[in-house]
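S.K.: Chains as they are written, first to last, in our numbering: chain A, 1 to 130; chain B, 1 to 130; chain C, 1 to 130; chain D, 1 to 130; chain E, 1 to 130; chain F, 1 to 130.
In short, the hints are calculated from the structure, not lab data.
Misleading hints may appear alongside valid ones.
Just some of the chain D residues that point at chain F, by a computed CB distance under 8 Å [stated by the list, open to error]:
| hint | residue |
| --- | --- |
| 1 | S10 |
| 2 | P11 |
| 3 | N31 |
| 4 | A73 |
| 5 | G76 |
| 6 | A82 |
| 7 | M102 |
| 8 | E110 |
| 9 | W118 |
| 10 | V122 |
By construction, the Cβ of each residue, glycine as well, lies at the ideal position given by its N, Cα and C atoms.
Number of protein chains: 6
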Amino acid sequence: MRNIEYDEASPEVKAVYDDIMATRRVDWINNFWKVLANDPASLRRTWESLKQVMAPGALDPLVKEMLYLAVSASNGCGYCIASHSAAARKAGMSDAMFGELMAVVGMASETNRLAQGWQVEVDERFRPRR
Amino acid sequence: MRNIEYDEASPEVKAVYDDIMATRRVDWINNFWKVLANDPASLRRTWESLKQVMAPGALDPLVKEMLYLAVSASNGCGYCIASHSAAARKAGMSDAMFGELMAVVGMASETNRLAQGWQVEVDERFRPRR
Amino acid sequence: MRNIEYDEASPEVKAVYDDIMATRRVDWINNFWKVLANDPASLRRTWESLKQVMAPGALDPLVKEMLYLAVSASNGCGYCIASHSAAARKAGMSDAMFGELMAVVGMASETNRLAQGWQVEVDERFRPRR
Amino acid sequence: MRNIEYDEASPEVKAVYDDIMATRRVDWINNFWKVLANDPASLRRTWESLKQVMAPGALDPLVKEMLYLAVSASNGCGYCIASHSAAARKAGMSDAMFGELMAVVGMASETNRLAQGWQVEVDERFRPRR
Amino acid sequence: MRNIEYDEASPEVKAVYDDIMATRRVDWINNFWKVLANDPASLRRTWESLKQVMAPGALDPLVKEMLYLAVSASNGCGYCIASHSAAARKAGMSDAMFGELMAVVGMASETNRLAQGWQVEVDERFRPRR
Amino acid sequence: MRNIEYDEASPEVKAVYDDIMATRRVDWINNFWKVLANDPASLRRTWESLKQVMAPGALDPLVKEMLYLAVSASNGCGYCIASHSAAARKAGMSDAMFGELMAVVGMASETNRLAQGWQVEVDERFRPRR
């Protein structure tokens with residue numbers, strides 16, 4: 001689908017674009033939102049959810065960006081890896097932090113498959129209390 | 001494969017078990033290692049890698065545990081989710097932090113698929129510099 | 001692997017190409033089949049299965065194409081997303097339908113990870129009857 | 001995490017539970033929501049999004065439920081497969097429709113991997129117009 | 001869905017069951033086929049494909065079973081890991097071979113994520129010739 | 001991240017590059033290692049693990065390379081598919097072997113999803129002995 005640029009956007013889409021730029025303190029819109037704007041309801045709902053999820057809370061924004069990047073790397077989403085690497089850098093992730101983040105992602109991917117392939121049974125102490 | 005208990009383990013396996021307990025300051029071994037002990041080379045190599053990756057560095061241990069848990073949830077590995085939830089709790093993750101961590105994992109899973117399904121092109125600014 | 005074009009194909013491969021074009025009422029072969037033709041047994045078996053699976057039945061062809069696209073988006077297969085978006089469009093998927101399809105794919109990806117990460121137990125009523 | 005039952009829920013959580021039951025015309029809450037209620041912000045946000053996404057629109061509710069089930073099967077989420085199989089049945093999915101749905105999911109999973117492993121190049125005609 | 005036992009099966013389903021037992025030289029049917037028998041067309045098509053794919057060819061049956069198990073471990077399919085571990089054992093896989101197989105699966109899972117997360121560009125020499 | 005070329009590499013990184021070239025009997029370093037060299041600890045640890053895992057043992061090097069390729073195809077990692085296709089070819093994989101390998105990967109992906117979506121229960125005989 002083609003990108004919907006700011007100048008050609010409907011008022012509803014423009015309002016979301018404006019909120020994205022104001023919230024993130026940037027003066028441009030990245031392609032993810034421009035493409036999603038082909039379906040204004042998806043654009044608005046996705047942005048509203050993302051804004052709530054990524055707001056500071058019990059976890060600080062840098063940790064949230066690193067978690068986002070870790071999942072994106074785990075899913076192998078090229079666009080998401082590129083955009084969230086940039087976002088995490090902006091939030092303060094150094095080269096050393098990125099190297100360690102990816103080492104954890106790689107290690108978790110490895111042991112996840114080992115635990116499944118070896119059919120490890122959950123330890124009694126790890127079972128959720130209900 | 002059956003679990004290799006400490007008392008029946010070979011000296012090579014016992015040495016790894018001892019190092020796991022000493023490094024983590026615990027007095028028991030969880031099933032993942034007991035099953036992997038059926039292949040002593042895998043046990044030793046996996047533990048040595050994990051110990052290095054999870055040691056404090058540019059990222060603190062709690063952040064590393066949360067990244068590990070996020071990838072495990074993304075991969076849907078039941079054993080890993082159970083064991084790393086426990087590890088992250090022990091490292092200081094509160095209920096509120098867990099709720100926000102899972103919200104980020106869920107949101108990233110959603111937007112990863114949206115970016116791929118909508119065939120979003122990587123923005124020029126996000127391309128890695130080579 | 002390189003593409004096997006119609007004119008250079010063996011009679012066995014040509015017969016599959018002819019059936020693809022006749023069944024789909026098109027006058028060209030897309031790259032997926034041209035590459036698979038490097039292994040004629042895989043080409044024939046895959047096409048025969050696909051033809052049976054995608055034939056009208058209890059579900060109509062448009063719904064089948066949308067299900068195919070949803071799984072391809074979920075798997076992040078670039079080629080498959082591109083080719084099955086085209087196929088679904090041809091079968092009648094509008095822009096609005098695509099937007100809703102992707103919204104469901106995204107939402108399912110999100111709640112799948114939430115259900116796994118939060119370790120939700122299957123409700124008694126949802127258990128399969130055996 | 002333990003399930004939050006209706007009677008012990010906070011007013012905020014009860015309001016979401018009430019809306020779930022009213023929207024779906026049921027008199028009980030399934031475990032997914034009861035567990036998510038441990039994080040009321042996630043409960044409310046996820047439910048609001050799901051309600052919008054699954055509402056009738058360009059696609060009818062049965063098709064949406066089948067797409068949801070297809071993605072859940074593709075992700076291998078046991079809870080989600082169980083709960084959305086039930087939801088799709090309730091929306092009208094017959095045994096024959098389920099059989100065909102799963103046949104499409106299986107076939108798409110197979111050809112997704114073939115397209116990736118054989119490194120098939122996207123046909124010029126399938127490239128998105130930008 | 002419930003299992004369709006041999007004695008209650010239709011002649012069409014019985015014919016597939018008979019062929020499975022004859023081809024594999026066993027006197028019982030495992031649950032995968034008994035459940036798939038709820039959709040006889042899927043049962044027959046899946047069995048025919050599997051029989052062709054797993055027949056001896058350029059790769060011997062043990063290697064094919066190990067590849068099947070590796071993919072099943074990578075996908076985290078519990079049923080498939082259990083059934084194909086048994087099949088690979090029967091075809092000659094020793095404990096030592098299983099340990100090495102899982103070590104490769106784990107290592108590939110790790111480096112797959114590293115290559116994606118670090119956004120490694122494909123070397124010119126690795127590009128497919130077209 | 002940019003590639004670290006041999007001539008500009010630190011002595012620590014050069015030592016790993018030298019070992020890679022000596023072990024593999026090649027005179028060049030592929031991009032995966034050049035990018036990972038941005039984090040020398042990850043470079044060294046990943047190479048040491050890979051060298052151990054891929055060494056001849058109970059499985060011969062060709063089988064190991066094919067397992068690696070099968071997992072990479074299953075994960076849809078473009079770089080890994082390209083590089084391990086080349087490695088498997090070099091270790092002796094013919095066109096016919098590759099065709100059969102991909103047929104197994106495709107078939108496993110299909111039946112993995114069928115087993116999960118149809119909620120097949122593990123047969124008593126397939127359960128691991130503990």
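S.K.: Check the structure against each numbered hint from earlier and tell me which ones fail, lowest number first.
M.R.: 1, 2, 3, 10
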